[in-house]
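Enquirer: These protein sequences, in sequence, are chains A and B.
Mind the numbering: the first sequence is residues 79 to 193 in the numbering used here, read in order.
Mind the numbering: the second sequence is residues 0 to 109 in the numbering used here, read in order.
Possibly wrong hints are sitting among the right ones.
Claimed, not checked - Below, in silico cross-link-like pairs of lysine-lysine (DSS-like), each with a Cα-Cα straight-line distance of 30 Å or less:
hint, chain 1, residue 1, chain 2, residue 2
1, A, Lys156, A, Lys102
2, B, Lys96, A, Lys102
3, B, Lys96, B, Lys58
4, A, Lys102, A, Lys146
5, B, Lys56, B, Lys69
6, A, Lys156, A, Lys146
7, B, Lys69, B, Lys58
8, B, Lys58, A, Lys156
9, B, Lys56, A, Lys146
As the list claims (entries may be wrong) - Cβ pair distances, simulated, as ranges:
hint, chain 1, residue 1, chain 2, residue 2, range
10, A, Arg87, B, Asn108, 40 to 46 Å
11, B, Ala77, A, Arg142, 22 to 28 Å
12, A, Thr191, B, Thr61, 24 to 30 Å
13, B, Glu40, A, Leu193, 42 to 48 Å
14, A, Thr116, B, Thr76, 29 to 35 Å
15, A, Gly94, B, Ser29, 30 to 36 Å
16, B, Leu45, A, Arg119, 44 to 50 Å
17, B, Asp66, A, Pro86, 33 to 39 Å
18, B, Arg59, A, Pro86, 32 to 38 Å
To be clear, the hints were calculated from the coordinates, so they are not data collected in a lab.
The C-beta atom is built at its ideal place from N, Cα and C for all residues, glycine as well.
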Amino acid sequence: DAGVIQSPRHEVTEMGQEVTLRCKPISGHNSLFWYRQTMMRGLELLIYFNNNVPIDDSGMPEDRFSAKMPNASFSTLKIQPSEPRDSAVYFCASLSRESSYNEQFFGPGTRLTVL
Amino acid sequence: TQLLEQSPQFLSIQEGENLTVYCNSSSVFSSLQWYRQEPGEGPVLLVTVVTGGEVKKLKRLTFQFGDARKDSSLHITAAQPGDTGLYLCAAAGNNRKLIWGLGTSLAVNP
């Protein structure tokens, strides 16, 4: 079975450019999470969706960040305009409705570098 | 304030040594999970502990949930280079979310 798929794996862009990260959750999972990971702050939850509906976006740093989930098999995280401090690894994770303990399955991540 | 405190933050040992890492909190949790993250990859779930005092074993890894369900430990016996990675603990929070520790970065040298 395919796990969580993220693309691209690496992204290098210049400050001010728009960046779009993509995620395909595990088929049948109904919750999707976007995280950012840095050495200083660890894993930070940015936003999560339940049944394609955004439930909690309190972790989104500012208006430059936006996320969508148009259907159960696809989500995007967009940064516009990007800034050097956005450089981090961004993870997508999905969760089955049948999980009793919120056990999440992660994609391989997108390493973003903003110059 | 970090709800889950992991220690040590970094650990470098020789192959064959034993080690224990800790995940502590002042809060009580209904369950706690351990993940391992290898360089360049996402975290992968190792185990979930649910009952106070519970001990689970996964080959050379032994996980324990504290009696009061506020803390947990991970013990690795005879560590191998393949055990190298970031070990993260996470506790079930509200609304399907997880509360994460910052992790213990383990390096096992051949």
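Enquirer: Look at each hint and say if it fits the structure.
Expert: Tested hints:
1. Lys156(A) with Lys102(A): The given pair, whose Cα atoms are some 15 Å apart, holds under the 30 Å limit.
2. Lys96(B) with Lys102(A): With a Cα-Cα distance of about 19 Å, the restraint between Lys96(B) and Lys102(A) holds, given a limit of 30 Å.
3. Lys96(B) with Lys58(B): 29 Å, holds
4. Lys102(A) with Lys146(A): Distance ~12 Å between Lys102(A) and Lys146(A) Cα, so the pair holds.
5. Lys56(B) with Lys69(B): Between Lys56(B) and Lys69(B) the Cα gap is close to 19 Å, so the pair holds against 30 Å.
6. Lys156(A) with Lys146(A): 9 Å, holds
7. Lys69(B) with Lys58(B): Holds - the C-alpha atoms of Lys58(B) and Lys69(B) are around 25 Å apart, at most 30 Å.
8. Lys58(B) with Lys156(A): Not satisfied, since the Cα-Cα distance of roughly 41 Å exceeds 30 Å.
9. Lys56(B) with Lys146(A): Distance of about 40 Å is beyond 30 Å: violated.
10. Arg87(A) with Asn108(B): 40 to 46 Å: 28 Å, violated
11. Ala77(B) with Arg142(A): 22 to 28 Å: Distance hint for Ala77(B), Arg142(A) is violated at roughly 48 Å.
12. Thr191(A) with Thr61(B): 24 to 30 Å: 39 Å, violated
13. Glu40(B) with Leu193(A): 42 to 48 Å: Violated - the Cβ-Cβ distance for Glu40(B) and Leu193(A), about 25 Å, lies outside 42 to 48 Å.
14. Thr116(A) with Thr76(B): 29 to 35 Å: 32 Å, holds
15. Gly94(A) with Ser29(B): 30 to 36 Å: 45 Å, violated
16. Leu45(B) with Arg119(A): 44 to 50 Å: Since the Cβ atoms of Leu45(B) and Arg119(A) sit about 23 Å apart, the hinted range of 44 to 50 Å is violated.
17. Asp66(B) with Pro86(A): 33 to 39 Å: About 46 Å separates the Cβ atoms of Asp66(B) and Pro86(A), which means 33 to 39 Å is violated.
18. Arg59(B) with Pro86(A): 32 to 38 Å: At roughly 36 Å between Cβ atoms, Pro86(A) and Arg59(B) fall inside 32 to 38 Å, so the hint holds.
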